[in-house]
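Engineer: Sequence:
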Amino acid sequence: MIHAISNLQRLDIERKKAVLSGEKGRLELAVYGPGLVSVFYVMETQVLSAKAKALHLQLFSERFADPSSLRLEWESLHEDDSEFELKYGPLRLCVDKRTATVSAYRDGRLVHGGRIGDSNTVLPSYPLRIQQDSQGRARSGKFNFRLEDDDAFFGLGEKSGLLNKRNRSFKLFNRDALGYDAAISDPLYKSVPFFLKLNRESGALCGLYFPNLRVDEVNFGVESRFYYNLSMEGGPFGYFLMTGESYREILRSHAELVGRPALPPLFTFGYLGSSMAYTDPDDAQERTLAYFDRIEREEIPCEGMYFSSGYAKADNGERYTFVWNRNKFPDPLAFLAALRDRGYRICCNVKPGILTTHPWYAELARRRVFIPDASGEAFIGYYWGNSASFVDFSSEDGLRWWTEALTEHIIERGATGVWNDNNEFELEDESLPAQEYRSILSVLMAKASYDALRAARPGVRPWVISRAGYAGLQRYARTWTGDNVSDMRSLRHNIAMGLNLGLSGMPMYGHDIGGFFGPTPDRELLVRWCQSAVFQPRFVMHSWKTDGRPTEPWTYPEAHGILVSLIRERYRFLPYLYNLAIQASLSGLPIERALALEFPADLELDFDSLEHLSGEAILVPAPPALGESSVSLRLPAGADWYDPESGRLMQGGRSLTIEYPLDRLRYLIRSGTVVPTDPRPSRTRSGGYPELLFLVTPPTGGAMPGNEYYEDDGESDFEPGSHLSYAFAFARVGQERWRLEAIRRSPAGSGPRCVRTWRFTLPEGFGVLEGERQLGRELEMRFEEPPERFQVEFRGTYPPG
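Going by my numbering, the sequence shown opens with residue 34, and the numbers climb by one from there.
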């Protein structure tokens, strides 16, 4: 039977929560601030096991594990014949008594909810329809929300297509999607039950987070032009509503709610190699060493390798988690130690599926390490060409064994990081008890790997990467967009997928450069992919090709020079990118940012264009089409943009075409920004940057973005006293005269200890001032203890553009 909560009759306040009681159940509303409220429809007969209720807490940050302690008092409550009204700050909630529909207004503007259709349309009247089982228990639910013509949607995690998800529907079921079509495939590896809704015409903006372990499908207008909907199995039936003046405010609220992203070590943002072609063959150790020998001969900066599962591939061709093939790697401890002595770090691939032929399988089944079937025995399903059981990370037995085995066979052998792979937990047997919490298993696996590394190396930030995930994954692991294809379609749509991950609270992502699956990328495609990846959060060449050839910087001799130069460009901007990662870990904001969301007043910006910002300062063009050497883009209004190649300033608010040849990197810098770079790009080092070159792009008036600089040793826990931080600000001090002031925000003695040389360089047309005397375009400062504050004065104008 289908039921809906209706005819609300009474409003009570229980521990600051507004409880509106009616037929079939009640509606509970709580406020946590001017931009965050919860809306839950409660039926006494909801079905949720004790275990699922406990695991449900994994969908929240530690701070929100007990949200009742964070509730605030509603500022005013009002009732009339047709509705209840609740206010807090700029937010006003109106609840229709008859249908229990919640309409949210911010500063008088409807941002969420409202009646669907009108009296002349036959459309859903109730916001939530609940399906009951034969015993009258609430089994599933479907939300319907009002849809406006200009509504655009972003989020849900890793989803195909362009950035705006309007007129698409998506399954929130994690799938091992080898060779997916980045434009249309669904589902993929990661699902997040959170999305942003934006209407640029009306200015309405909100975010919705559904803390439910079994959100099934979200439909953004495919079913109807009048509403969008979301379906789920089991409770709780509700959501958190986030509002704000900008998408940034909403993402900050979301990060507070579900947890901020973990900050990975600095070296993980450098270049790393990876391919199944290194570890799968019988001579895997020799191939791996040959790779690093070539890296050194070519003088290519490299941090190490994502070590594919071939090290655990037995002589019979099957992959046995944690069991090193000693014919390939006779002494893993010595092998990894030797690589570490050369400065390389290894992140070992591990899988939660234990094949039934695994030498430890019988013992692990006896110890009840695996996900059980309906009878309580180990569930067996298809996995990597054979049958397997899956480690149950929700059980004490499974978690204990995994932690012990991971520590003994991977961490204590010398691996620096843990790569959780093939961990989608595609459990499609509805009789399994684990169906109630299947989606959170990949998050629990990431937490287990994170905690094991933390226990083995206290005070050192864990390096964990996970292919699959759900809400909360960002607290423990970074990620990548899985087994993409070597074609321009994937290159372009992976950019949008990454932007969307950042809008889903997962900013530490990346894409396999050159594509993982399919034919070897041709020379032009590989170069364009590397150009695109320079400013992305992860820079890794990772591949599996049927001919056994890995994708490498030297794949094409005629492109070797440009590929090496792009890797060096990556390292040149690494101080800037690492700063963006720190800021993302503190705020939940993306590293890569969609222009249309950053500049909402410019209605000419297309949601689906691939031009985007890297942080506040750098505008990254879309990759040109194959065979083309130029790209068209629109410069956002509200800022001006400096072209370091031409030395010219270009005004925002216009469209243009720029040359983008294969032999160099193209980007623009926003006026009024300060970008830290490494003038001698090389492999990362611990202890901070002894030398930095700050690219100062003077402002041209109007609002200016924030400019912050952070520095730490790159590996220790990021906490008070561990890092140096400065805030930079521009001020006009005269005609064509400016001052850049830097104020240290960290206490004296914070951050790594080293003698530093900082240089500040200005564009052509500007000069540093010493009194009234204008010097060159560069100022150098050398210090042992960073000063509390300092300033640079300069004068000049940009050459005519």
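Since the hints were made in silico from the structure, they are not lab data.
Some clues are possibly wrong.
[What the hints assert, rightly or not] List of simulated lysine-lysine pairs, PhoX-like, C-alpha gap at most 25 Å:
{"id": "1", "residue 1": "K130", "residue 2": "K86"}
{"id": "2", "residue 1": "K130", "residue 2": "K204"}
{"id": "3", "residue 1": "K120", "residue 2": "K204"}
{"id": "4", "residue 1": "K86", "residue 2": "K204"}
{"id": "5", "residue 1": "K86", "residue 2": "K120"}
{"id": "6", "residue 1": "K57", "residue 2": "K130"}
{"id": "7", "residue 1": "K84", "residue 2": "K120"}
{"id": "8", "residue 1": "K130", "residue 2": "K120"}
{"id": "9", "residue 1": "K49", "residue 2": "K120"}
{"id": "10", "residue 1": "K50", "residue 2": "K120"}
{"id": "11", "residue 1": "K86", "residue 2": "K175"}
Engineer: Decide if the proposed pair is consistent with the structure: K120 and K204, CA atoms, cutoff 25 Å inclusive.
Structural biologist: violated (35 Å)
Engineer: Does the structure keep K84 and K120 at a Cα separation of 25 Å or less?
Structural biologist: violated (36 Å)
Engineer: With the threshold set at 25 Å, check whether the alpha-carbon distance from K50 to K120 stays at or below it.
Structural biologist: Answer holds: K50 to K120 is near 13 Å, not above 25 Å.
Engineer: Mind checking the alpha carbons of K49 and K120 for me, to see if they're no more than 25 Å apart?
Structural biologist: It holds: about 13 Å lies between the C-alpha atoms, which stays within 25 Å.
Engineer: Quick one, are K57 and K130 close enough, alpha carbons at most 25 Å?
Structural biologist: holds (13 Å)
Engineer: With the threshold set at 25 Å, check whether the alpha-carbon distance from K130 to K120 stays at or below it.
Structural biologist: Holds. K130 to K120 sits at ~17 Å (cutoff 25 Å).
Engineer: Given the proposed pairing of K86 with K120, does the C-alpha separation stay at or below 25 Å?
Structural biologist: violated (30 Å)
Engineer: Sort out whether K204 lies within 25 Å of K130, counting only the CA atoms.
Structural biologist: violated (32 Å)
Engineer: K130 and K86 were given as a pair; does the straight-line alpha-carbon distance stay at or below 25 Å?
Structural biologist: violated (30 Å)
Engineer: Within a Cα-Cα threshold of 25 Å, do K86 and K204 meet the stated pairing?
Structural biologist: holds (23 Å)
Engineer: Can the restraint linking K86 and K175 be considered satisfied, given a maximum Cα separation of 25 Å?
Structural biologist: holds (20 Å)
Violated hints for the displayed structure, listed by number in ascending order: 1, 2, 3, 5, 7.
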